[in-house]
Amino acid sequence: GAVVSQHPSWVICKSGTSVKIECRSLDFQATTMFWYRQFPKQSLMLMATSNEGSKATYEQGVEKDKFLINHASLTLSTLTVTSAHPEDSSFYICSAYTGAEAFFGQGTRLTVV
Amino acid sequence: GENVEQHPSTLSVQEGDSAVIKCTYSDSASNYFPWYKQELGKRPQLIIDIRSNVGEKKDQRIAVTLNKTAKHFSLHITETQPEDSAVYFCAARFQGGKLIFGQGTELSVKP
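From first to last, the protein sequence lines stand for chains A and B. Each residue of the first sequence is one higher than the last, beginning at 1 in my numbering. Each residue of the second sequence is one higher than the last, beginning at 1001 in my numbering.
Wrong hints could be hidden among the right ones.
Straight-line Cα separation of at most 27 Å, BS3-like style, residue types lysine-lysine; simulated pairs [what the hints assert, rightly or not]: (1) B:K1058 - B:K1042; (2) A:K55 - A:K66; (3) B:K1057 - B:K1042; (4) B:K1042 - B:K1068; (5) A:K41 - B:K1037; (6) B:K1022 - B:K1068; (7) A:K64 - A:K14; (8) A:K14 - A:K66; (9) A:K66 - B:K1057; (10) B:K1042 - A:K14; (11) B:K1068 - B:K1057; (12) A:K41 - A:K14; (13) B:K1068 - B:K1058; (14) B:K1071 - A:K14; (15) A:K20 - B:K1042; (16) B:K1110 - B:K1068; (17) B:K1071 - B:K1057; (18) A:K66 - A:K20; (19) B:K1037 - B:K1022; (20) A:K41 - B:K1022; (21) A:K66 - A:K41; (22) B:K1110 - A:K66; (23) B:K1058 - A:K64; (24) A:K20 - A:K55.
Listing some non-contacts, in silico: residues in chain A with all C-beta distances to chain B over 10 Å [said to hold, decoys possible]: (25) H7; (26) I12; (27) S18; (28) V19; (29) R24; (30) L26; (31) D27; (32) F28; (33) L46; (34) S54; (35) F67; (36) T78; (37) T80; (38) T82; (39) E87.
Bear in mind the hints are in silico, worked out from the structure with no lab data behind them. Note that CB positions come from ideal geometry on N, CA and C, so glycine has one too.
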């Protein structure tokens, strides 16, 4: 099956710093990439939708200036959490969409201390 | 709006019994409904999906039914085993291809 690689799998950062998470589709081109956030014992909440070469579309309540998304190619999307705070600690998961199927990355456990 | 409701939030069954999880969705234009199993700290794993042109799909002990008129779909697991214990999520595809997830069901299968 299609492989989506997400890195890092976990990261600990200091409050106020920025963290970049990468999501790559290894053996297919993704027309669209989705970014989700999942707090403990909760569902996956869609944060934003990104299409290659265009600005991301953010869901209501998600700060676009805090969660910067770049989708420079059909195989790579990045999410940068800027000026991270402890409340940003969460599990972030990307999903690459081919137009027919969606494939998930391994997820990134972010802890802000 | 774009919404998926899932029930129950927790479900405990005895090994060998059946488990049923139900979801409803808001947009009649949605045409794809996957079910995922997620183990702690891992990515969701697709276990079965159904498209809007069929009413039922089976894969061994797992089946999914879809009622387009009522906008609801259900996951059925028969002959449950302890290794079926996990959190299960339903999802529906909305405009632009985005998957919106239900709240999740924590299934516990007791030996």
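Requested in this report: Run the structure past the numbered hints and jot down the numbers of the failing ones, going up.
Outcome: Hints 4, 9, 14, 16, 22, 23 and 33 are the ones this structure does not satisfy, whereas the remaining hints hold.
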